[in-house]
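Protein chains: 2
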Amino acid sequence: MKFRRSERLIDMTQYLLEHPNQLVPLTFFAERYSSAKSSISEDLSLIKDTFEKREIGTLKTVAGAAGGVQFFVKVGQEEARQIVQELCDLIANPDRLLPGGYLYLTDIIGNPSIVQKVGRMIASVYAYAKIDVVVTVATKGIPLAYAVASQLNTPVIIVRHDSKVTEGPTVSINYVSGSAKRIQTMVLSKRSLAEGSNVLIVDDFMKAGGTITGMISLLEEFKANVAGIAVLVESERQEDRLVDHYISLVQLSDVNVKEKTISVHEGNYFLQGNE
Amino acid sequence: MKFRRSERLIDMTQYLLEHPNQLVPLTFFAERYSSAKSSISEDLSLIKDTFEKREIGTLKTVAGAAGGVQFFVKVGQEEARQIVQELCDLIANPDRLLPGGYLYLTDIIGNPSIVQKVGRMIASVYAYAKIDVVVTVATKGIPLAYAVASQLNTPVIIVRHDSKVTEGPTVSINYVSGSAKRIQTMVLSKRSLAEGSNVLIVDDFMKAGGTITGMISLLEEFKANVAGIAVLVESERQEDRLVDHYISLVQLSDVNVKEKTISVHEGNYFLQGNE
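Just so you know, the sequences run in chain order L and A.
Under my numbering, the first residue of the first sequence carries the number 1, and numbering increases by one thereafter.
Under my numbering, the first residue of the second sequence carries the number 1, and numbering increases by one thereafter.
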């Protein structure tokens with residue numbers, strides 16, 4: 001089966017997008033299309049140029065026998081601002097207000113297209129951080145954790161509040177939830193995380209940060225290194241925030257149940273030099 | 001900004017893959033690249049040919065003023081068999097055996113690359129079924145549900161076993177879990193699902209089918225139409241199976257704790273005429 005350049009470009013684009021952060025040897029493509037390595041290199045430089053121009057991501061080429069090409073996702077500044085603006089507009093809708101000042105966000109987290117955009121934004125920041133595993137807590141953080149992990153080519157592990165027989169032996173800790181000051185339990189399957197892993201924590205919402213502090217304590221039991229913390233929404237309560245370094249896409253500054261207003265603006269994402 | 005054909009092909013491939021099941025007007029691409037519609041049509045036919053040759057999916061063109069092009073995912077028979085074989089090999093590893101004959105599958109469900117492949121396989125079957133929403137139950141089914149939904153361009157809704165304040169008003173039912181014969185509760189946020197929706201149920205594991213029967217009962221309260229049921233793994237216990245029509249990728253036929261053997265083979269996926 002012979003491939004023309006147009007066919008190679010289409011198929012390679014698809015292949016690279018589906019294998020982010022993976023080193024693909026040039027010989028793989030050369031054999032796949034029965035083409036010379038020099039043609040493959042030309043194709044890759046066309047793909048790289050287009051990916052960079054359209055802010056889809058970038059390709060890095062590693063020379064030598066063990067070399068190849070690697071796709072890294074990158075969300076451009078303009079697209080990132082559009083995504084955050086879209087999120088702010090969605091969240092500011094007063095229909096989201098629930099009794100007690102809680103917000104209904106289930107539909108936003110239930111939209112795979114939004115979740116994937118947010119996942120790409122977070123993955124852009126940590127694309128070169130050599131993350132081994134993305135960790136989240138059941139259940140609302142799960143979709144976002146997968147969206148990030150699929151771009152970073154890492155597994156996801158899920159911390160639970162209860163232990164299940166299908167998890168095998170577990171390690172558990174007790175922690176104090178930051179806002180409600182209740183003692184809660186967190187459990188992680190013993191065999192799910194190798195000691196010394198480089199970990200990115202992802203969650204949907206951070207209030208005082210008690211849950212994330214709990215996760216950090218639990219991860220210490222596995223001698224993990226927390227390389228980053230990323231949340232979709234943080235609520236503005238910095239005076240008693242338990243977590244220091246994190247990125248957030250959206251910040252809730254004021255939820256007024258009486259007036260039925262929700263004040264929301266962009267998080268610290270753009271302050272991190274993520275350009 | 002002018003685009004050459006090679007650049008258009010790369011960017012359109014990326015755009016279409018990222019917007020499955022969405023009708024994209026040709027004028028959108030014509031404006032995006034300042035190109036004539038005739039050039040766009042030629043590009044699309046090159047992409048369609050390559051997608052079909054490589055079994056990535058297909059493009060459908062809808063003529064007329066409201067027309068455009070739509071990408072549908074399609075996993076080829078050969079790739080599907082490879083994926084199922086890979087799953088069987090992974091699952092047959094006796095290290096997965098837990099006390100009580102349970103299997104540790106957390107690492108498989110925690111691998112976004114595997115989950116996405118399985119999601120594409122399931123989405124291939126329901127690509128033309130006009131699914132409105134993918135429904136799953138917390139927590140193990142969530143990653144797979146998102147992988148399917150992102151290919152079908154639908155939201156995901158998650159049935160829970162407990163009700164959370166952030167879900168707003170809920171509808172709940174009691175059901176009898178098929179294997180343990182225990183009475184359990186299932187809860188779904190009232191505003192998460194519109195009446196009369198066309199629903200695809202996705203879960204990771206089906207034993208007797210009690211959980212899925214419970215979901216069907218709960219969905220009846222929303223006057224939903226269950227258009228399909230898909231599970232990653234089913235255990236072979238057909239004599240007391242509560243659910244009739246479903247697709248499974250993998251079937252567990254025998255788990256022997258004493259002999260430390262797990263017998264696993266392909267599910268009914270290939271019996272459905274999914275070619």
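Worth flagging that the hints you see were computed from the coordinates, not collected in a lab.
Some hints here could point you the wrong way.
It does not matter which identical chain is meant; a pair holds if it fits inside one copy or across any two.
[As the list claims (entries may be wrong)] With a straight-line Cα cutoff of 20 angstroms, these simulated SDA-like cross-link-like pairs (lysine to any residue) come out:
#1 Lys48 <-> Gly67
#2 Lys130 <-> Ile183
#3 Lys260 <-> Pro169
#4 Lys48 <-> Asp89
#5 Lys260 <-> Arg191
#6 Lys164 <-> Thr185
#7 Lys53 <-> Glu42
#8 Lys190 <-> Asn93
#9 Lys260 <-> Leu46
#10 Lys258 <-> Ala66
#11 Lys190 <-> Asn174
#12 Lys37 <-> Lys260
#13 Lys223 <-> Val125
#14 Lys53 <-> Ser217
#15 Lys258 <-> Ser34
#16 Lys260 <-> Glu31
#17 Lys164 <-> Gln22
#18 Lys207 <-> Thr166
#19 Lys53 <-> Ser253
#20 Lys130 <-> Phe205
#21 Lys53 <-> Pro169
#22 Lys60 <-> Val243
#23 Lys37 <-> Lys130
#24 Lys53 <-> Phe28
#25 Lys164 <-> Thr139
What hints, given by number in increasing order, does this structure fail? 2, 4, 9, 10, 12, 13, 14, 15, 16, 17, 19, 20, 21, 22, 23
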